[in-house]
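Protein chains: 2
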Amino acid sequence: MTSPKLDPELLLARWARTLQSSALQDMLSAATKPGIVSFALGLPAPELFPSAGLAEAAAHVVSTDLQALQYNPPFNALKTHVVKLMALRGVKCTERQIFLTAGAQQGLNLLTRLLLDPGGGVLLEELAYPGFQQVIEPYLPEKWLVPTDPQTGMDVVAVERLLSRGFRPAFIYAIADGHNPMAVSMSLKKRELLVSLARSYSIPIIEDDPYGFLYYSDKPLPPLRSFDENWVFYLGSFSKILAPSLRAGWVVAPEALLPKLGTVKEASDINAAPLSHRIIAAYLDSCDIEQRLAMLRREYDKRRRRMVDVLREQFPASARWEEPSTGIFVWVELDNNVNTSELLREALEKERVAFIPGNAFSVNGEQGKNCMRLNFSNVSEPLIEDGIGRLGRILDRASSLV
Amino acid sequence: MTSPKLDPELLLARWARTLQSSALQDMLSAATKPGIVSFALGLPAPELFPSAGLAEAAAHVVSTDLQALQYNPPFNALKTHVVKLMALRGVKCTERQIFLTAGAQQGLNLLTRLLLDPGGGVLLEELAYPGFQQVIEPYLPEKWLVPTDPQTGMDVVAVERLLSRGFRPAFIYAIADGHNPMAVSMSLKKRELLVSLARSYSIPIIEDDPYGFLYYSDKPLPPLRSFDENWVFYLGSFSKILAPSLRAGWVVAPEALLPKLGTVKEASDINAAPLSHRIIAAYLDSCDIEQRLAMLRREYDKRRRRMVDVLREQFPASARWEEPSTGIFVWVELDNNVNTSELLREALEKERVAFIPGNAFSVNGEQGKNCMRLNFSNVSEPLIEDGIGRLGRILDRASSLV
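In order, the protein sequence lines correspond to chains A and B. With the numbering used here applied, the first sequence corresponds to residues 1 to 402, in that order. With the numbering used here applied, the second sequence corresponds to residues 1 to 402, in that order.
These are calculated hints, taken from the structure and not from any lab test. Glycine is no exception: its CB is placed at the ideal position from the N, C-alpha and C atoms. One or more of the hints may lead you astray.
[What the hints assert, rightly or not] Pulled from the structure, derived: some chain B residues nowhere near chain A, Cβ distances all over 10 Å:
1. 47
2. 85
3. 92
4. 163
5. 279
6. 301
7. 343
[Said to hold, decoys possible] SDA-like, lysine to any residue: derived pairs with alpha carbons at most 20 Å apart:
8. 143(B) with 14(A)
9. 33(A) with 67(B)
10. 33(A) with 163(B)
11. 33(A) with 65(B)
12. 92(A) with 6(B)
13. 33(A) with 76(B)
14. 219(A) with 289(A)
15. 33(A) with 70(B)
16. 92(B) with 73(A)
17. 33(B) with 73(A)
18. 33(A) with 72(B)
19. 33(B) with 71(A)
20. 33(B) with 72(A)
21. 369(B) with 386(B)
22. 143(B) with 118(A)
23. 143(A) with 96(B)
24. 143(A) with 369(B)
25. 33(B) with 70(A)
26. 33(B) with 65(A)
27. 33(A) with 66(B)
28. 33(A) with 74(B)
29. 33(B) with 67(A)
Okay, chain A solo, but in the shape it has when bound (with noise of 0.2 Å):
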């Protein structure tokens, strides 16, 4: 019997039916390439992983430990030590507000099924985080949008103006350290009054913070879940601090909200405590973290201040940028009729470098089209010094043309 042939469009749940790889994603694997200096994705760089303190760890747990290896519930020890990570952040939290997740792209995704309805509403930036746009689509939500200022962060008044209006989205969705696209850390005045919204309004604020960790200046400002407990879900993450392979991060919830999470992880992937929990936990054990981290802001501190120290020799006078505060990107702004989606094009194959043009980043496909974001974590000095030169001379290039 011949099988018909199968199409995959007409089986798919209608948000699925559009669903493509995007162009972006089949040039940034050409990004991959040896030889290519990438500037593109949001990488850790590898030389600065714990790999010989997490190969004993990982060989230590699994040789004492039958169970370790066995169906389990999620790992205390592991929320303890991550109750000691929040206080670092200026966070106080109990092991009974913790929930234990496979990253915080997990935890962002656990939340959303939580809260948000089929067609429900969401307020975010313009620009804003691709996994989160990603996480959201399946819904078909209503997307309500508000300006991001790249030296203060999220337009929190703009927030204000939709809520004051009616708009009761099922939450708000904030990156207030080191943004993601736009590396800007959000102002403190601006931190206070958007948890005050949400607690004014009763309207969660899902508050992703992979890079809060590391900050470059003496003085981090406290993150929105230091301001309230009730109304701030907090993610954090062990991809950017320890190794992204170990897929662990966690969740900072109302006690009250995490036998919800229990369940929806459940549907997910079980709930049962991965090994790299263990490993991690018995890693952290023996390990000192405060020292780690230190080193780890030491070691990206050198790479960003190279790569703004070369955007000021290298970049064309009009080139506008922040220094960014805390996180692993800076964000850059050419001239308005720079198009910076043609201009990677011309980058990969002449240059042989790479960057996400900004407008990768863009919910409505409006805004950042002369934008860059740049990576500066998963580059060596001497390669950032390199590649932010070609990338000059490529602007050099463009704007004799106009």
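Given the coordinates of chain A, work out where chain B should sit on it, guided by the hints.
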């Protein structure tokens, strides 16, 4: 400023408002207390985990390759191992049809997200794996139910009747081998008919196969996927053949579906290769998996035989069960007047022995009230003898009270 008390019920998406951890869950956490003989959960035997091999593989992978800790695309070397495993199951497929997951449960969740619209229809059995019921719950789906025969499996004629009347589910959910909870394996005739229905009506089947490698007959039947590569989406798992906390599994699906699965997994957990995928590949590189599978079948078969023997000796003559040819469960049907949910309470309190009452698997709450699911894979032979004896005493007492 005092924060208004958050009432999670008010915030949550509609489907999640009534979400509760079940009374069963609470009882089961009682079942994990020391001194309890538990036939309740579907756990593999920890003493059969390949801990030495996995410890070595883990230490090797982490300490020799920095990139193993980085964000990486899905790990192709593991796909090659999966193709070989599928050949052992009688399924021909290529790496391009293999999608790697964080376990079969994640595969189930991702496929459902791709296929099911909110309020859409699903065809499943009256007694079904609760983890699947959890997956579809957020869609508030229509559930079309068919019965299951304890000797031949899913009532495929009832499936045909529904489809011929015009019911068009997004997909059919099936466990052809070692059914959970009913322990039955579908007859060859039913397999052929079910797959031909899927083809004729263009309705995909999700074949959940966590136990398929654990068969106890010389000639196991081929899985549904072996009859059709277009209309059967197969879910495999390393949890029962290696170890659950690795959180690793796979989907075998038409190549056209894989980019879409990649996109929904990206939204779930970034779809970066987790460390465990590399550890498993390294372990499989250096191990004879056929030998390991034969060892598991041999050991679990001893427990299975022992359970069936002791049931014959210790359970009332009116109790009925089939010897399972695959999997890790025995399904026992008792007199109609026995309520196994009440029995469980007594069994835990008086005899310190646990099982899952059949009704816990019932989709509409009607079936299985006089049934119990007994797991044998996670109980040693002496404890099987002891625990089934205790259960027999409870049943004797219960029937003497009737």
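Outcome of the hint check:
{"no.": "1", "hint": "47", "verdict": "violated, 7 Å"}
{"no.": "2", "hint": "85", "verdict": "holds, 19 Å"}
{"no.": "3", "hint": "92", "verdict": "holds, 14 Å"}
{"no.": "4", "hint": "163", "verdict": "holds, 15 Å"}
{"no.": "5", "hint": "279", "verdict": "violated, 8 Å"}
{"no.": "6", "hint": "301", "verdict": "holds, 21 Å"}
{"no.": "7", "hint": "343", "verdict": "holds, 25 Å"}
{"no.": "8", "hint": "143(B) with 14(A)", "verdict": "holds, 19 Å"}
{"no.": "9", "hint": "33(A) with 67(B)", "verdict": "holds, 15 Å"}
{"no.": "10", "hint": "33(A) with 163(B)", "verdict": "violated, 50 Å"}
{"no.": "11", "hint": "33(A) with 65(B)", "verdict": "holds, 18 Å"}
{"no.": "12", "hint": "92(A) with 6(B)", "verdict": "holds, 18 Å"}
{"no.": "13", "hint": "33(A) with 76(B)", "verdict": "holds, 17 Å"}
{"no.": "14", "hint": "219(A) with 289(A)", "verdict": "holds, 19 Å"}
{"no.": "15", "hint": "33(A) with 70(B)", "verdict": "holds, 16 Å"}
{"no.": "16", "hint": "92(B) with 73(A)", "verdict": "violated, 36 Å"}
{"no.": "17", "hint": "33(B) with 73(A)", "verdict": "holds, 13 Å"}
{"no.": "18", "hint": "33(A) with 72(B)", "verdict": "holds, 13 Å"}
{"no.": "19", "hint": "33(B) with 71(A)", "verdict": "holds, 15 Å"}
{"no.": "20", "hint": "33(B) with 72(A)", "verdict": "holds, 13 Å"}
{"no.": "21", "hint": "369(B) with 386(B)", "verdict": "violated, 25 Å"}
{"no.": "22", "hint": "143(B) with 118(A)", "verdict": "holds, 19 Å"}
{"no.": "23", "hint": "143(A) with 96(B)", "verdict": "violated, 36 Å"}
{"no.": "24", "hint": "143(A) with 369(B)", "verdict": "violated, 47 Å"}
{"no.": "25", "hint": "33(B) with 70(A)", "verdict": "holds, 16 Å"}
{"no.": "26", "hint": "33(B) with 65(A)", "verdict": "holds, 19 Å"}
{"no.": "27", "hint": "33(A) with 66(B)", "verdict": "holds, 18 Å"}
{"no.": "28", "hint": "33(A) with 74(B)", "verdict": "holds, 17 Å"}
{"no.": "29", "hint": "33(B) with 67(A)", "verdict": "holds, 15 Å"}
This entry does not satisfy hints 1, 5, 10, 16, 21, 23, 24, going by the numbered hints stated previously.
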